[in-house]
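A.B. asks: Heads up: the protein sequence lines correspond to chains A and B, in order.
This note's numbering numbers the first residue of the first sequence as 1 and each following residue consecutively.
This note's numbering numbers the first residue of the second sequence as 1 and each following residue consecutively.
Treat the hints loosely; a few may be bogus.
Said to hold, decoys possible - Lysine-lysine pairs mimicking DSS-like chemistry, simulated, CA-CA at most 25 Å apart:
(1) A/K396 <-> B/K306
(2) A/K396 <-> B/K365
(3) B/K834 <-> B/K312
(4) A/K396 <-> B/K363
It should be emphasised that the hints constitute simulated quantities derived from the structure, not laboratory data.
Here is how the chains run, residue by residue.
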Amino acid sequence: MAKFGCNRVEWAVTRRDFIERAGAGFGALALSGLMEAEGAAAPAGGGAIHPLAEKPPHFAPRAKSVIFLFMEGGPSHLDTFDPKPGLKQHAGKPLPTSFTQGLITAMGEYGAPVFPDRREWKQYGQGGLWISDWCRHVAECADDLAVIRSCWANGIVHSNGVCQMNTGSILAGRPSLGAWASYGLGTANQNLPAFVVMQDNQGTVVNGPRNWGAGFMPAVYQGTRLLPGAEPIAHLHTPEGVSESQQRGKLDFLRGLNRNHAASRTQQTELDARIAAYELAFRMQAESPEAVELSRETNATRRLYGMEDKDCATFGRMCLMARRLVERGVRFVQLYSGAGSKWDAHANIEQNHGDRFRETDKPIAGLLKDLKARGLLDETLVVWGGEFGRTPMSEKGNGRDHNPTGFTMWMAGGGVKGGQTHGATDDFGLHALKDRLHVHDLHATILWLLGLKNLGLTYSYKGRPENPTLNEGAPFQAIAR
Amino acid sequence: MRWGRWKASCRAICASGVWVATVVVAAAAARGGFSPEDRAWWAFQPVKKLAPPKVQHADWPRNDIDRFVLARIEQAGMKPASEAPRRTLVRRVYFDLIGLPPTPEEVEDFVADSSPDAYEKLVDRLLASPRFGERWARPWLDLVRFAESDGFKADDFRPHAWRYRDYVVKSFNDDKPYDRFVQEQLAGDELFPGQPDALAGTAYFRNGIYEYNNRDVRGQWQRILEDITDTTADAFLGMGLQCARCHDHKFDPILQRDYYRFQAFFAPLLPRDDLTLATPAERAGHDAKLKQWETATADIRSEIEKLLASVKRDTERGAAEKFIEEVRVMIDKPVGRRTPYEHQIAELAYRQVLYDVERLDSKLKGDTKDRVLALRKQLAGFDALKPAPLPALVAATDVGAVAPAVFIPRKESLGDIAPGFPSVLEEGPAVVEGRAQSTGRRAALARWLTAPANPLTARVMVNRLWQGHFGRGLAANASDFGRLGEAPSHPELLDWLAATFVEGGWSLKKMHRLMVTSAAYRQDARAGVDAAAATKDPENRLLGRGSVRRLEAEQIRDALLAATGQLKLDAGGASTDFLTPRRSIYTRVLRNACDPILDVFDLAESFQSVAQRHTTTTPTQAMLLFNSQMMLRHARAFATRLELEFPSGDEEMTGAAYRYAFGRAPSEAERLGARRFMEGQLRLRQSEGGAPAKPFATAKMPYRDGVAAVVAPEMGADALAVPDSATLPKGDFTIEAAILVRSVDAGGMVRTIAAKWSGDTRKPGWGFAVTGRGSRRKPQTLVMQIIGTKRDGSFGEEAIFSDQTLELGRPYYVAAVVKLATDKAPGEITFHAKDLANDDEPASIARVPHQITGGFANALALNLGGRPAKGGAFDGMLDDVRLSAAALKQGELLSAGDAANEKTAGYWQFEPKPGAFHDASTSRNDIQPPATGARASALARASALADFCHALLNANEFIYID
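Modelling step: build the complete structure from the supplied sequences, incorporating the hints.
C.D. replies: This is the structure we're talking about:
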């Protein structure tokens, strides 16, 4: 843990450490330099503590990595994993007032009529999970899924909902769950970022990059956004109009300047760290980001992820990259579907959710199957959900409003027992009733599967010991095998 | 929504089990009554001014600070470092006091000044500089989490927020006594009524985040109060209270009740936007002039009002219906019958109604819309009569003389909590004197905080100044003097400084002067550390040497602009975007879209009070400084400066470059190295062939990924020219782009997004642009001008306006889908405008008929961001410009996520890979920079010089000060 008031963090800790690294060749570090900085204060007497070096968990972990599939905008639980016959029976009538008393919804549709779902429901797998036709591919993996129907959150609009599902708080400023996992466990592969984020379109995820930010922790723990296209990380490459040899020439000259400068300032290890950072940046662009290069995947694999299908090619590609990243030791991968609230089906949910599931259902099923076939599912926790669910009442006649008081998420792999349904909402799916799991409980559960105690993982900020779940939340241990 | 468990909303940072086990403290407060240890805590004791201790090396101290520092160094058996060389010192003190590097002349003047008080004179000059407030406002703004946007999904810009920033800058420049500074911010309205300057300080209460569409109005108000409570405790009191929001503090003697006693000071607050900074005379003049304008325009305005009446009514009703019944009732109540709390909630809710009402235009249709626009145009004809608006004031007052009740959640039975201070310091309730229109609560708080006997206020503030000059505070946790902080390293010195501060009339400048003129401050950071010091004090807690420090984000950006000769020292006023070369303090601070350079160097997140920034060293910083087009542009600006100032030769340029960047001349070896480097780069440029492309800058557009082209009128219209080709459309077409407009023309000229047109209305072509202030239809709207054949067979211009309004400085996705007219039917242009900074705002779509059937094709180049004729150039950023040879359907537009396809005639994304000039479509309509011809070799030399400049700007010597 960083010392009180000591906000200074460095990339390399001692000169000796730096020289050792240099001697080992930067190639060995490859992409690592991108993300790293030193999180711990320099220990007296030298010795390197890499901020993202792998750290022991609090107890034996079930999962090593997390792939969080974030359906941004709020997918409906009532049309997917939490069937409610009551919707059809009460179609067109307002909800009984006992359900809506004290309720505040984003769009104020308190008295709106109940909107029946139009799905075909079946039971799947040995566990007999109820899953709608929108998720028919994922349904094939039913016996790997633990469906939690009793999630609840505090944010009634996207910004505080997405903020809380990422950071535990509806208000900005706290580290994201991925940042906490990186801080708590480091990462197994120093050549890649510990925490990677991808999104399916160029839209801005609500609140922007602070969803994967490090909040009050040093930036080294923040998520790294992998961009589509030839430059996955901003400013990775030599700029246009500058040749590689000119770049190298400039870098050599700069190194000379910096060496001379550092020679008379021997106590300042930060200066060495900065020299090394430049070398790394240069080496990295030469290293093809192999981890995100999909050309070596077989056609069968690509088909499994739906990459030949125009609708789901994008999310399929993201899911396949996610597998490659966790395979290479990345700790936390977050994939946004519908970046920019595109799951937000206030109107015409039929088309909205229909489109989103066409984009994601097959790729997600492909991911689960592929992980399983490679023996990776046991150690990879896959989480599906959004910032909230949707209301049983209709909005604009054929859509649904936000519902943070009861919604569904599912988890698979990573030590989770499949074919299970946990918790329950009321007859209309409005409020979670049984085994209610707040976002803090969900986060505690994810951390627990990673071998971390949610209240035992602390970072000292302004002299206060902070933890990921704001002193709340308990892991839902019934979910594990 | 049911707030099922109160604690779920608790953002308080409390102790976890681990800490309870490891930190042994007497949390006696929880058991009722404070223990003697609680009361004896150092920070609660009266400030004691002890005489400075005796020291052995009596000739070292320059002032009393040094005697305290030296005594500790000597106790540890160490020696202080020698004084830093003058060139080092001048650079250090410039950055510390004004945040800018000294110019080469200023360095030489100081080095050459042999008077014994040369340094003190320098310090006095810097303290008197208007740049001083610009530097020192920043840490204060971090503390009060100042920003200029809302910080939620809709990160709405706050156009008047800068006034608080200017208030802070001016307060520091004027050396306003700190007690007065505190009083104005917390209670300017109560303590100094009728003084607009003091009222300006109350904008402090308006700096927090705000969610414009949060239907849980009461919940949002409670969160605003909590935010104000927490920030005030951190910033002014220097004691974190958050821990006590849900329960008694586990380590410090702070009760949950104390949290709500403290909150009760703010419970009567009412945010105000209806006040101004004007004097009574200014106001009278304004009102008289306004009256004239009102009389002259009465008919026009009443017609507009009538036309808008029904839409307005519907909008208001629709907006109010989104609230729960209880809130609706509060809104509907006449103001006089509302309780204070009801009035606070109704006012907060009404902001949401107002938000919709301010956007009525988008709901107008057909003839009504045309008529309203025509009337507005007429109305604008009377602008000369209209007085300039009075300076707007963002402020806060109390809701009235009666305060709403404050309850501890789930302990409502305890009744209304009266305002009070932390009870370990003052048991009883605060003594509050009511006023006619105000409760007087905040005045009581401000008075208590600034009483000379208050043990915290002065200690906290001098410690912050110390941290600013020495890198860390004497007490390391600058905003928490409680048990979770760290005991001060030099408690007697801290007290001596606090007492001296109060004795000196709370003058901040006197404290700065005292600190930077001390021998402790002037020590060399480079002097060899003796072995004893290295082992006894590796972290330099005893201050036995100087320390090398990285510049903070704003200092780095400001130094870049200063060294490269671009910096404009325009002080104060509305903030500008990050492309404008003003000091960073004047750059817009958008919570969700930070400036990339500032952000990568650990800018404070402006969501909660920040007392000390992180200092990280990461390769992302290296990549941004070394590979971004923005930095290459700064390097070229630097090279251009050198060429202009020293046309005679490379040697002078090399020397000047070192002096601008590092504040010193290069050594002989360095000169030689520089020459060899530039020769090598020149050879590479020449041998690698091809004239260097005429580059243009790219930068990140706020709220978007990747980079966008930065377009300025002085680039010339041909900077982004695509030669004519057969694949460019001659029939129906669609032009789309992401744009950020920095300015529109003051007259009737447009700002061109894309044009295949000379600008001559007699020649065929088309241009897609943003209208100027003097537009014949409407300012700041999209226009498609097409010069071609009309349905009646005639040839001529048609200008089709979208009537949407584009705000300056905001990113938009815009499109014009051009469906040509035929013999049978008129054509239609569908305009799309989507605010990219606000996901909640739906795309605005306008369909406008027109008569052009074709005949606009020509052999001219397609110009992005300009057109060949004089005028009409764009000013701002362009990105993802796509031209399609079809009238695209909505689902085919870029806004729906499509990329290049068979209909695409060109798609310019300005990304470094595969290239800023590259067309991403299969049409290969690359941007072709103008041939450089004879200038090629001159450009190659300039490039080598720019490479040299670029390396200097990346050097540690530039980023760090000794």
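A.B. asks: Work down the list of hints and note, for each, if the structure agrees.
C.D. replies: Status of each hint after checking the structure:
1. A/K396 <-> B/K306: 29 Å, violated
2. A/K396 <-> B/K365: 22 Å, holds
3. B/K834 <-> B/K312: Satisfied, since the Cα-Cα distance of roughly 23 Å is no more than 25 Å.
4. A/K396 <-> B/K363: 18 Å, holds
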